[in-house]
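Residue numbers (our numbering), protein chains in the order written: chain G, 145 to 512; chain U, 145 to 512; chain E, 145 to 512.
Worth flagging that the hints you see were computed from the coordinates, not collected in a lab.
Keep in mind that a hint or two might mislead.
Since the list can't tell identical chains apart, any single copy or any two copies may satisfy a pair.
[Said to hold, decoys possible] Cross-link-like lysine-lysine pairs, in silico, DSSO-like; alpha carbons within 30 Å at most:
#1 Lys308 - Lys257
#2 Lys296 - Lys447
#3 Lys183 - Lys167
#4 Lys447 - Lys294
#5 Lys164 - Lys358
#6 Lys308 - Lys183
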Amino acid sequence: MDLTFEEFRDSLASRSRRAKVLKRDGRHFFVLISQQFSKEELGNLCDTATAIRRLDRHVDGRDYLRNLLRGARIMNLFAQPSTRTAESFVAAADKLGATSRLVSDIRTSSFSKGESVEDSVRTLSSFFDAIVARHPDDDFGARASWALSKTKRTIPVISAGSGKSQHVTQSLLDFYTLRYSLAERGGVDGKTVMIVGDIARNRAARSLAYLLTKFDKPKIHFVSPEAHAPDDELLAYIRGHEIEVQVHNAIEPVLREHGEGIDAMYMTRLQQEWDKGSAAGQPDANKKLGAPDAFILHHEYRKHIRPDCVLMHPLPRVNELPDEWEDHPGFVVWRQVRNGMWIRAAVFATVFGADAEIRDRSRRLGLT
Amino acid sequence: MDLTFEEFRDSLASRSRRAKVLKRDGRHFFVLISQQFSKEELGNLCDTATAIRRLDRHVDGRDYLRNLLRGARIMNLFAQPSTRTAESFVAAADKLGATSRLVSDIRTSSFSKGESVEDSVRTLSSFFDAIVARHPDDDFGARASWALSKTKRTIPVISAGSGKSQHVTQSLLDFYTLRYSLAERGGVDGKTVMIVGDIARNRAARSLAYLLTKFDKPKIHFVSPEAHAPDDELLAYIRGHEIEVQVHNAIEPVLREHGEGIDAMYMTRLQQEWDKGSAAGQPDANKKLGAPDAFILHHEYRKHIRPDCVLMHPLPRVNELPDEWEDHPGFVVWRQVRNGMWIRAAVFATVFGADAEIRDRSRRLGLT
Amino acid sequence: MDLTFEEFRDSLASRSRRAKVLKRDGRHFFVLISQQFSKEELGNLCDTATAIRRLDRHVDGRDYLRNLLRGARIMNLFAQPSTRTAESFVAAADKLGATSRLVSDIRTSSFSKGESVEDSVRTLSSFFDAIVARHPDDDFGARASWALSKTKRTIPVISAGSGKSQHVTQSLLDFYTLRYSLAERGGVDGKTVMIVGDIARNRAARSLAYLLTKFDKPKIHFVSPEAHAPDDELLAYIRGHEIEVQVHNAIEPVLREHGEGIDAMYMTRLQQEWDKGSAAGQPDANKKLGAPDAFILHHEYRKHIRPDCVLMHPLPRVNELPDEWEDHPGFVVWRQVRNGMWIRAAVFATVFGADAEIRDRSRRLGLT
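Using the sequences and the hints given, assemble the complete structure.
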């Protein structure tokens with residue numbers, strides 16, 4: 145493949161050319177953006193995650209799983225620290241028997257000696273069989289994939305968050321949890337989802353909205369501070385998929401008017417570390433953290449929603465989703481965290497081509 | 145269990161209520177303080193450690209051990225760096241086939257975004273089967289245990305040192321070494337132990353003294369600088385258990401008078417990083433490190449003690465226990481280090497309920 | 145063994161006494177300097193590396209390898225950060241089934257409390273079966289080996305770079321790659337090698353030159369800035385082994401005159417982090433990094449060399465070996481990186497006494 149990096153990157157944005165650069169032997173090899181998965185592929189990923197989760201419950205299944213990627217070595221290249229995301233990937237790899245290493249100093253060491261990103265990634269890749277990459281640059285995952293795709297020893301790259309634009313495995317775990325929670329009510333098609341927070345700058349909230357466009361006529365209520373309301377591009381994209389969308393700036397009125405019809409609420413914290421006056425990526429120390437009243441899901445709002453309404457949050461949370469909600473039947477926040485591990489295991493299985501075998505085994509054993 | 149944190153913490157201090165919050169299914173599940181083990185349980189822990197140590201000597205035993213906790217994942221949550229304690233736990237987990245991860249940034253990352261300790265511990269716990277925690281707050285281990293005990297997925301918590309108050313596994317390894325070294329002389333009951341150092345602020349020395357109270361009429365000689373002599377609370381507690389205790393402020397006179405009767409000496413360094421004028425936790429750079437003459441076990445004191453007197457030190461040492469002692473028959477300092485690994489493996493076996501099986505196997509094979 | 149450290153260190157410098165302190169049971173136990181291997185031992189190391197590389201290609205071979213050092217625990221004690229060297233060792237240990245830990249704070253923690261290097265190394269060694277050490281002090285590896293050789297539980301020590309003097313495994317991987325690349329042309333004997341860079345202060349370049357002295361009449365062209373030309377000691381040593389050596393200060397004239405006769409080129413970057421005006425170990429931020437024209441291997445020089453000329457570089461590179469060279473048939477830079485992993489695996493196999501068995505198996509299976 146003799147693409148320049150610019151051609152590679154542009155291919156990612158094109159629905160028709162994307163598969164050519166991201167897939168190898170018919171399977172996803174570079175996992176960089178939520179949009180790269182078709183509705184069918186999303187279904188397969190979720191089924192693989194469920195199969196792994198159920199196989200892992202018994203000794204035989206665990207032994208089977210831990211044998212699948214035995215000997216495979218995963219590099220978690222985290223230029224930005226993110227303990228929980230990293231540990232989720234490491235646990236996922238463990239479940240399938242792969243070995244993980246956390247490498248966090250890509251920006252120091254040899255870079256300061258004048259080495260190129262490409263050389264650095266390629267050198268480190270020599271010791272590994274797949275890379276999980278998190279980096280503040282929007283393009284890092286794509287650049288690493290491009291650099292490796294030109295070598296004789298190309299290995300899979302999975303993005304664990306690139307800049308502010310994408311966090312593909314977070315959106316997959318959110319989708320997996322939502323799909324699972326709505327399974328007995330016919331799945332995601334036609335459902336009404338309320339998404340609360342800094343929509344404009346929260347990649348988890350935005351990614352979820354993008355994924356919803358793959359389904360049949362869901363409805364979306366956004367609730368966000370005016371300064372961080374969903375941008376026109378996002379709204380136009382969603383509406384272009386025949387999805388009914390409304391934008392609000394406080395939770396309570398939405399619940400009073402539409403509460404009974406809401407199937408799922410996706411709460412997020414206000415990302416105050418990006419506010420004016422904050423040092424890069426750190427919240428202003430003099431400012432009290434937490435959402436103002438309009439964006440807090442007060443416990444007394446419980447009366448407005450159905451008992452089967454799904455309650456989600458990508459964590460960490462501040463004050464927007466109080467502890468009292470934990471006993472609500474639809475509260476699945478802690479399940480989301482565990483699901484992050486299962487869906488990442490499913491992603492590993494997919495890039496290494498072991499996913500179909502896992503689903504088959506689980507089906508044969510009557511687990512799914 | 146619907147205790148508040150304050151109720152949980154208060155239960156720890158009560159001999160009668162302690163077991164209820166720390167044990168599950170009859171076994172220790174949260175390992176937080178030395179006092180939680182009965183004399184019989186201490187004996188079982190030591191026997192388990194010995195069984196593991198002996199099984200580990202041969203290929204078959206090693207394979208058996210490495211299969212016991214296969215697939216279990218341990219998080220070593222170290223808010224304070226402590227390479228040797230962490231590596232001892234990791235090695236211990238390895239012996240039983242469990243996988244370890246070292247997580248050290250609990251105080252940064254999501255905490256700075258306003259997350260609670262409880263959410264943070266709980267999120268990370270999702271990827272693990274047990275937590276080993278070291279933290280500067282006295283209450284951290286208890287708080288983590290309490291938070292997890294309220295969830296659906298409660299996992300064991302083992303303290304690796306909380307604040308200045310307790311270092312439970314250090315006291316267990318010291319006890320294990322002392323018991324083993326005195327085994328041919330009838331065990332710890334009735335023995336005379338000299339403990340040297342900053343008694344008032346050395347948690348290892350204090351913990352050992354507390355453990356001695358579980359035995360029948362041992363005698364204790366404390367030797368410490370006046371400013372850091374054992375406090376009245378400690379002395380009252382020990383005397384309350386019918387233990388004869390004397391306090392001195394120099395080693396030599398004690399040895400000249402009582403040397404022949406001393407069964408074990410527990411040397412510790414003076415913890416000068418806590419002295420006035422020292423920056424928090426770091427020794428004063430302008431001050432020469434090391435004990436003054438009265439607290440150094442000079443090699444010429446050898447003539448005052450018996451050849452079977454046990455010599456211990458929790459390390460690191462400065463000048464208080466000179467190298468020349470290494471060939472003394474009772475010098476067991478390096479054995480203490482290895483014992484730290486074996487007793488921690490025994491603690492893991494205990495919280496996962498594999499200890500009785502290990503002891504049985506070892507007995508059947510005639511190893512213990 | 146009752147040597148003082150000074151006696152131990154002096155033994156290293158002596159060809160006749162070296163083996164006595166570095167070997168145990170006839171095999172290398174402490175791997176500290178390139179010179180410790182005889183020509184025959186170098187051949188065995190390379191054969192072991194090749195055997196491992198080929199066994200690793202198939203499931204059966206991988207399983208065999210991963211069983212060899214199962215349960216062995218390696219401490220990578222890196223006082224200086226070096227991600228790629230560390231990861232290369234970890235990957236190598238993984239291939240043979242050993243477990244690795246990266247410990248990087250030897251200079252902090254207990255050292256600041258007044259502990260000796262010997263106590264610190266010995267304490268940590270209690271949890272491990274071998275040590276890989278990288279340290280800014282030239283003597284650290286030797287000191288650790290000496291300290292451990294006096295204990296009852298002596299474990300192997302492998303240097304991963306000590307100060308500026310030696311980087312033994314780098315020179316082994318360079319040698320392995322060179323030998324392999326020249327295998328069809330009769331090996332290293334009598335070949336002409338051009339070595340470019342800061343010869344005086346580049347330990348990789350110097351070590352390679354030292355290793356070449358073990359072979360029959362090779363020729364060496366050094367190309368270096370005058371300020372960092374090979375020192376008289378190095379030149380005298382090489383000439384003392386009947387090796388023809390020339391010193392130049394620009395690449396182009398050498399290639400124009402001798403290009404057709406050159407069998408291998410070893411390019412290195414200029415180590416500008418040591419230049420005057422640079423903060424310790426960091427390049428001057430105000431100075432453009434990279435070699436001046438005379439030390440860049442411009443792509444148009446291709447016409448001067450043979451297509452089978454071997455092109456090597458220890459990485460990281462800056463501008464001295466442009467990307468355009470990657471499709472030259474002799475370009476083996478990326479193979480060097482992978483070879484670093486294989487030769488380190490061979491070193492582990494050697495210190496644990498598993499190397500002969502590996503070579504035998506590979507031979508029986510017709511792999512070598």
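Here's how the hints hold up against the structure:
{"no.": "1", "hint": "Lys308 - Lys257", "in the structure": "both (28 Å within a copy, 17 Å between copies)"}
{"no.": "2", "hint": "Lys296 - Lys447", "in the structure": "between (61 Å within a copy, 25 Å between copies)"}
{"no.": "3", "hint": "Lys183 - Lys167", "in the structure": "within (16 Å within a copy, 47 Å between copies)"}
{"no.": "4", "hint": "Lys447 - Lys294", "in the structure": "between (58 Å within a copy, 25 Å between copies)"}
{"no.": "5", "hint": "Lys164 - Lys358", "in the structure": "within (21 Å within a copy, 51 Å between copies)"}
{"no.": "6", "hint": "Lys308 - Lys183", "in the structure": "within (24 Å within a copy, 55 Å between copies)"}
Checked against the numbered hints above, the structure breaks none of them.
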